[in-house]
Amino acid sequence: MSEQVVATEQDLLLSRFPEVVKPDERKGYDGYIVDSKALLDFAKTLRDDLGYDYLSSVTGVDYLPEGKMEVVYHAYKTTGGAPLVFKVQVPREKPVVPSLVSIYPGADFQEREAWDLLGIKFEGHPNLKRILMWEGFHGHPLRKDWHEPYYEEEHKPYKSRWPEGKAFRAEDRNPFGKNVDYPAGFDPAKWTPDISDALIYEGLGRIEKPHDDLPTEQIIVNLGPQHPSTHGVFRMVVTLDGETIVDLEPVMGYLHRNHEKIGERNTWLMNMPFTDRLDYLSPMSNNFGYALAVEKLLGVKPPERAEYIRVIMAELTRIQNHIFAIGMFLNDMGAFFTPSLYAIEERELILDVFEAVAGSRMMVNYFRFGGVARDIPEDVMQKIHDLAFERLPRRIDELDRYLTNSEIVRARGEGVGVLTAEQAIAYSTAGPVLRASGVPYDVRRAEPYGIYDRFDFDVAVRYHGDVYDRYLIRMDEVRQSIRIIQQALKQIPEGPIMTGKPQYQHRVPPGESYGRVEGPKGELGFYVVSNGKGNPWRYHVRAPSFINLTALAEMAKGHKVADIVVILGSIDIVLGEVDR
Amino acid sequence: MDGTGILKGLAVTFKRMLDTYIDDFKRGKKRYYTEEGIRYRQSAEVKGIFTVQYPEEKLPVPEEFRFVPFLVYDEGPNGERKDRCTACGICTKVCPAQCIWIKRATNPKTGRPVPRSEEFYIDIDMCMNCGLCAEYCPFDSIKMDHDYELATYDRHKDNILNKERLLKPASYYAQIRPLNYAREEEAKRQAEEAKRKAAEARAKRMAARKKTATPPKKKDNES
Ligand code: SF4
Ligand code: SF4
Chain A
32 MSEQVVATEQ DLLLSRFPEV VKPDERKGYD GYIVDSKALL DFAKTLRDDL
82 GYDYLSSVTG VDYLPEGKME VVYHAYKTTG GAPLVFKVQV PREKPVVPSL
132 VSIYPGADFQ EREAWDLLGI KFEGHPNLKR ILMWEGFHGH PLRKDWHEPY
182 YEEEHKPYKS RWPEGKAFRA EDRNPFGKNV DYPAGFDPAK WTPDISDALI
232 YEGLGRIEKP HDDLPTEQII VNLGPQHPST HGVFRMVVTL DGETIVDLEP
282 VMGYLHRNHE KIGERNTWLM NMPFTDRLDY LSPMSNNFGY ALAVEKLLGV
332 KPPERAEYIR VIMAELTRIQ NHIFAIGMFL NDMGAFFTPS LYAIEERELI
382 LDVFEAVAGS RMMVNYFRFG GVARDIPEDV MQKIHDLAFE RLPRRIDELD
432 RYLTNSEIVR ARGEGVGVLT AEQAIAYSTA GPVLRASGVP YDVRRAEPYG
482 IYDRFDFDVA VRYHGDVYDR YLIRMDEVRQ SIRIIQQALK QIPEGPIMTG
532 KPQYQHRVPP GESYGRVEGP KGELGFYVVS NGKGNPWRYH VRAPSFINLT
582 ALAEMAKGHK VADIVVILGS IDIVLGEVDR
Chain B
22 MDGTGILKGL AVTFKRMLDT YIDDFKRGKK RYYTEEGIRY RQSAEVKGIF
72 TVQYPEEKLP VPEEFRFVPF LVYDEGPNGE RKDRCTACGI CTKVCPAQCI
122 WIKRATNPKT GRPVPRSEEF YIDIDMCMNC GLCAEYCPFD SIKMDHDYEL
172 ATYDRHKDNI LNKERLLKPA SYYAQIRPLN YAREEEAKRQ AEEAKRKAAE
222 ARAKRMAARK KTATPPKKKD NES
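As they're listed, the protein sequences go chains A and B.
Using this note's numbering, read the first sequence as starting at 32 and increasing by one per residue.
Using this note's numbering, read the second sequence as starting at 22 and increasing by one per residue.
None of these hints come from the bench; they were simulated from the model.
There may be inaccurate statements among the hints.
[As the list claims (entries may be wrong)] Computed spacing ranges between beta-carbons, pair by pair: (1) B:Lys103 <-> A:Arg538: 27 to 37 angstroms; (2) B:Lys103 <-> A:Val282: 18 to 28 angstroms; (3) A:Phe368 <-> B:Tyr54: 22 to 32 angstroms.
[Unchecked claim] Not close to chain B: a few residues of chain A, all C-beta gaps over 12 angstroms, as computed: (4) Lys53; (5) Asp176; (6) Asp218; (7) Glu248; (8) Asn297; (9) Met303; (10) Glu453; (11) Thr530; (12) Val592.
Glycine included, C-beta positions come from ideal geometry on N, C-alpha and C.
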């Protein structure tokens, strides 16, 4: 049946776009290659005729040896199912692709990122400027021929480490001065930003816009980058009319470290501990997504016990992330630290479990391709048991009594930062943000991975799309996660935790793969490309925190300036993942 | 919106506050600054105050806890140091941060490499405490430490550890990771056993063959 559906879909696409759309026939690859001329029509057909209303991921790949740049799109139906992957190939010297922002507004930040890091121009993009690097940055760092200042070799492991190793510090070899590379003719002392940015850089600028009757004007306020409400180093440039938000632009990248470039220097295994550092509040989920992506290429499946352990760990992660998010969100509302310390207490107990099993509270590095690193010790199993069956349900109920009906929480949350279902889908938001807007989309249900198809749980959904519903949905999800853990604890079998022998060098067959999980923040995807060598050719993270911010301006418009803090808190971002 | 929600919330915080006093009262002095007290305060049934007063009180770390790596050496009968490391280089190859440097020793006469490290460095500023080196070392030579109080005054001087500073005795390892240590020793013992049995069997076979073998003279004709 589904075969047939796929066949008709393919027939339709190929017959409607003869010549310009071809199946991607490279070995290990999937989907379609679309001529850039036909891209807009193709995307429209996908969205309007085939029901692929959700453009999840947009990224680029630099195929340096072939002289090509490729833009890769993953589109989904919000009713569930597998992705439709399509690609556009353009010459490397002149990479120009039409922008899909007019069809899928959620492509906005992702296209800017691809421009910033890979230098792919998106024609028709309303605001195509750098997003993670600063405007004066020279070059596009994810291009394969771009080298970082401490460049040593194309791939790890570096030859200087063994057998003739002598310790040195990279920065000692690069005396400051040679470390900075400006474009030809660029002098930072003489640089003045162009006028649209000038307002941002000046911090507090003014826009002349007289009212009809009152002599008022709008002002621009920078919230952040150093601001207690931004959960890290993050800036919002807000245009205000009085206290009302007229426009908002998020500015990020302060924590950018080019995670993906590091990932492409690394071997496959080395990336595992690096994924912990993306969303450092939910490292187990990050491990999970990356392991899935690589396991798809390797064709290995973890043994039963490992599958259960993975689910238990991922759901514990969700619980601790959500209660922490709720606690911090209450901080944003002004309930200074009592709720968040209540939340942190429960979180600590879960982190104790991670520490005893994985060795670290946050940087867990626990998953391996084909299993997990260690089994859960007996006493820790007991502790998880106690938490899942006794303590956590009790404490969630307490948190519920404490906060849910509080008049202050409701007054500040209800009707604030509303995102309709259509907007939530269009902006490619994911996770609690999407589901609080009435879209029951959860990767665990929509395209089950691991053994999630065995558990009985409800996809939490709320319908108002406001800040208060985003709070409620996290409560709902914590309860569902507890349910899943309870089932997993009852079903978990004895047995091995690893398929095959532990390995540190992996021969990954050539091809592409996209592994995605329902992380606490939303759909977390890893797009990896292998060329059969010991390192990934491309390693891309679809970061839910980053993409959810695309909708921030839409949520904030029309509200008072004091609401921004609450709205941002309700999205639940982690800058380690936003900036990568 | 009549304020009952807030009142209910306040009841929750009030109860929490009472819990603290009740628990302090019930458990008395031993709730604080004792090992038992710390353990209780970190358990799933704790009520009342939860925090640990570091540095006066310290949390016990679980066996698997990992901080920067160290090198294990075995002690010989006269207390001499026998490095476990064979300079095979696997740890340098798995290390994601590339913060391990090893100079392999060579035989001064022949110039051929010998299975021993001459120098061994770990830059603990770069180390991301991932534990992969310890996981993949085939000789159980590099292990993750439990010591997390590593503040120093001069990172240039103090934070690139050399062999002298990295090496710790196996007894220390056995103390911080008793279960792992026992498991590895057991595996080693079994391997030894198997080897010995194999050797014995081989010797027996040889002996048996010698008995049945034809006199040496004829041996040349055999094949
Ligand atoms: S520490 Fe272990 S892995 Fe590293 S070189 Fe020595 S024996 Fe090999
Ligand atoms: S713990 Fe990780 S980063 Fe540190 S030395 Fe070992 S492999 Fe390298």
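Now for the hints, and whether the structure bears them out:
1. B:Lys103 <-> A:Arg538: 27 to 37 angstroms: Between B:Lys103 and A:Arg538, where Cβ atoms are some 36 angstroms apart, the hint holds.
2. B:Lys103 <-> A:Val282: 18 to 28 angstroms: violated, 58 angstroms
3. A:Phe368 <-> B:Tyr54: 22 to 32 angstroms: Holds, at about 25 angstroms.
4. Lys53: Holds: least Cβ distance 39 angstroms, greater than 12 angstroms.
5. Asp176: holds, 22 angstroms
6. Asp218: holds, 33 angstroms
7. Glu248: At about 36 angstroms from chain B, A:Glu248 clears the 12 angstroms cut-off, so the statement holds.
8. Asn297: Given a closest Cβ separation of 6 angstroms, the condition is violated.
9. Met303: Check fails; 8 angstroms does not lie beyond 12 angstroms.
10. Glu453: A:Glu453 clear of chain B: closest Cβ-Cβ about 31 angstroms, beyond 12 angstroms.
11. Thr530: holds, 16 angstroms
12. Val592: holds, 24 angstroms
The structure is inconsistent with the numbered hints 2, 8, 9, although it conforms to all the rest.
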